[in-house]
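Each chain, written out:
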Amino acid sequence: MDVDLIFKVAAIGIIVTVLNQVLVRSGREEQAMLTTLTGLVVVLLMVVDVIADLFTTVKSVFGL
Amino acid sequence: MELTPILGICVVAAVLATLLRQYKGEYAVMLVAVAAAAVIISVLWSAIDAVFTLRNLVVKTGVDTTYFTTAFKALGICVITGFASDLCRDMGQQTLASGAELAGRCAVFIISVPMLVSLLQTALKLIG
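The listed protein sequences correspond, in order, to chains A and B.
For the first sequence, my numbering gives the first residue as 6, with consecutive numbering after it.
For the second sequence, my numbering gives the first residue as 45, with consecutive numbering after it.
So that you can see chain A by itself, here it is in the shape it has in the complex (with noise of 0.2 Å):
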């Protein structure tokens, strides 16, 4: 039961939305738009990595 998933991804969240308004207000527009797309991606792969583990349960339960 990965829970601590649950709540990074919500930290990372956070995080760059904080960072993006700091870049934003400090007038670095393209750096605010860089963090955003890096946090993107992190959490993205996390993501992938959960919802791969899925399917190769479901496939194991179910025989598929």
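No lab work stands behind these hints: they were computed from the structure.
Since no wrong hints were added, every one of them can be taken at face value.
Using 25 Å as the maximum straight-line C-alpha spacing, the simulated DSS-like pairs for lysine-lysine come out as follows: (1) B/104 with B/117; (2) A/13 with B/68; (3) A/64 with B/104; (4) B/117 with A/64.
Given chain A, put chain B in place with the hints provided.
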């Protein structure tokens, strides 16, 4: 894996998702995807021994188990397809959701074709 932790996790993930939706929508959806996948995984792991006892029972009865395994495969496909299409619907993509559902239905149909064939053959044998 009792029930209460799973329910608690669903509610907490929903609250976190609403929090994240205000600022960055994509993180809310990914958080929901991770939470739903974790819940389904833990439910399936706790159901796996019940599944195997059921399978042994069916094998013991001596009935031909191909129909049982086909039904079970269809169940697995429904679980995955439901997960994917509901996730797409959550993100507001109705078309992708219906595309996923169509793919799931076709997969179930393809699996059930040999079953239909053997059913017709037995019927013809009875008539012929």
